[in-house]
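J.: Counting with the working numbering, you get residues 38 to 284 for the letters of the sequence shown.
Please keep in mind that the hints were generated in silico from the structure rather than gathered at the bench.
Don't take every hint at face value.
[As the list claims (entries may be wrong)] In silico SDA-like pairs for lysine to any residue, Cα to Cα no more than 25 Å straight-line: (1) K158 / C268; (2) K278 / K243; (3) K131 / R213; (4) K84 / M209; (5) K243 / E120; (6) K131 / I178; (7) K158 / R213.
[To be verified] Simulated restraints on C-beta separations: (8) H46 / V96: 45 to 53 Å; (9) L186 / V96: 31 to 39 Å; (10) R54 / Q227: 43 to 51 Å; (11) L73 / G248: 48 to 56 Å; (12) F72 / W187: 41 to 49 Å; (13) K278 / T85: 25 to 33 Å; (14) I41 / Q227: 33 to 41 Å; (15) P121 / G48: 36 to 44 Å; (16) A68 / Q217: 23 to 31 Å; (17) T250 / L69: 44 to 52 Å; (18) K91 / L188: 44 to 52 Å; (19) V96 / L73: 38 to 46 Å; (20) V140 / A68: 24 to 32 Å.
This one's a predicted model, so the numbers in the text were calculated from it and none came from an experiment.
Ideal Cβ positions, reconstructed from N, Cα and C, are used throughout, including at glycine.
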Amino acid sequence: LLVIPLFTHLGGVLGWRPVMGMIATLGLITALCIFLFLPKVVYDKNKTLWEELKHFFSVPSMLLLVITAFGCGGLFSWLSYIEPLMLDHAGLAKSQMPTLMIVVGLGMVVGNFFGGWITDKLHLVRASVVVFVSMISVLLIVFFFSHLLWLAWGLTFVCAVVAMSVGAPLNMMMFRVSPQAQMMGAAFMQAAFNLANTLGAYLGGKPLDYGYTANYPSLVGAGMASAGFLCAILLYTRYGKLFRNDH
Numbered sequence: 038l039l040v041i042p043l044f045t046h047l048g049g050v051l052g053w054r055p056v057m058g059m060i061a062t063l064g065l066i067t068a069l070c071i072f073l074f075l076p077k078v079v080y081d082k083n084k085t086l087w088e089e090l091k092h093f094f095s096v097p098s099m100l101l102l103v104i105t106a107f108g109c110g111g112l113f114s115w116l117s118y119i120e121p122l123m124l125d126h127a128g129l130a131k132s133q134m135p136t137l138m139i140v141v142g143l144g145m146v147v148g149n150f151f152g153g154w155i156t157d158k159l160h161l162v163r164a165s166v167v168v169f170v171s172m173i174s175v176l177l178i179v180f181f182f183s184h185l186l187w188l189a190w191g192l193t194f195v196c197a198v199v200a201m202s203v204g205a206p207l208n209m210m211m212f213r214v215s216p217q218a219q220m221m222g223a224a225f226m227q228a229a230f231n232l233a234n235t236l237g238a239y240l241g242g243k244p245l246d247y248g249y250t251a252n253y254p255s256l257v258g259a260g261m262a263s264a265g266f267l268c269a270i271l272l273y274t275r276y277g278k279l280f281r282n283d284h
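With the hints as constraints, model all of the structure from the sequences given.
T.: What follows is the structure, encoded as structure tokens:
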């Protein structure tokens, strides 16, 4: 929320080398703080990598990775092409893009808290369904109404909130479906989020390759989020017993 705009400004003033040095220093400080202040994770040293992989690879965990890769890819379809969407389609002045990205960052901060809150309040699968329905809805609204600049500002914030809200329920679901391989599950979930970024950017860019306007990546994103939503319903329908202990 603060550091990216600050370092972007400093990069224009000082050049990229000093800024990269600052970023590297912050990374080292962060790693040191993790080592010093976070509690140590109790881990079964007798469990081998192959044993954990054996426990991890199951139909529910693979289905959850598909949900993450396609469902979360919907928001990346929007975010990857936010500049042409806002500049060419909504008519935003280029000088306002840094401010817009601060709005995105603020939405992501709020989304982190909202995702945790809704996961605590609702059943895990129900929370993920609510988030995916919200994602589909807001992306369709972006597709149809983002040419209205005043509305596009608000949609930018809401999209960012939804983008970060989905992480909490999906990660908690992974811990439920792979209780004996939670570290492996967490690692694969991060890989699935990265794949979502790749798929969202690639598929979202296809309409632009064919000459469609910059709001069409959001329509692709709504389709990807719909795929994630349907897979979440399938997961709960077939493997709901894994989540019965959740409120």
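J.: It remains to establish, for every hint, whether it holds in the given structure.
T.: Cross-check of the supplied hints:
1. K158 / C268: Holds, at roughly 22 Å.
2. K278 / K243: violated, 39 Å
3. K131 / R213: violated, 45 Å
4. K84 / M209: The hint holds at about 22 Å.
5. K243 / E120: With a Cα-Cα distance of about 16 Å, the restraint between K243 and E120 holds, given a limit of 25 Å.
6. K131 / I178: Between K131 and I178 the Cα gap is close to 23 Å, so the pair holds against 25 Å.
7. K158 / R213: At roughly 17 Å apart (the allowed maximum being 25 Å), R213 and K158 satisfy the hint.
8. H46 / V96: 45 to 53 Å: holds, 49 Å
9. L186 / V96: 31 to 39 Å: violated, 46 Å
10. R54 / Q227: 43 to 51 Å: Given range 43 to 51 Å: violated, Cβ gap about 29 Å.
11. L73 / G248: 48 to 56 Å: Because 54 Å falls inside the window, the suggested range holds.
12. F72 / W187: 41 to 49 Å: holds, 47 Å
13. K278 / T85: 25 to 33 Å: holds, 28 Å
14. I41 / Q227: 33 to 41 Å: Given about 20 Å between the Cβ atoms, the range is violated.
15. P121 / G48: 36 to 44 Å: Between P121 and G48, where Cβ atoms are some 22 Å apart, the hint is violated.
16. A68 / Q217: 23 to 31 Å: holds, 28 Å
17. T250 / L69: 44 to 52 Å: This hint holds: roughly 48 Å between Cβ atoms.
18. K91 / L188: 44 to 52 Å: holds, 50 Å
19. V96 / L73: 38 to 46 Å: With a Cβ separation near 40 Å, V96 and L73 satisfy 38 to 46 Å, so the hint holds.
20. V140 / A68: 24 to 32 Å: Given about 30 Å between the Cβ atoms, the range holds.
The structure fails hints 2, 3, 9, 10, 14, 15 (numbered hints given earlier, in ascending order).
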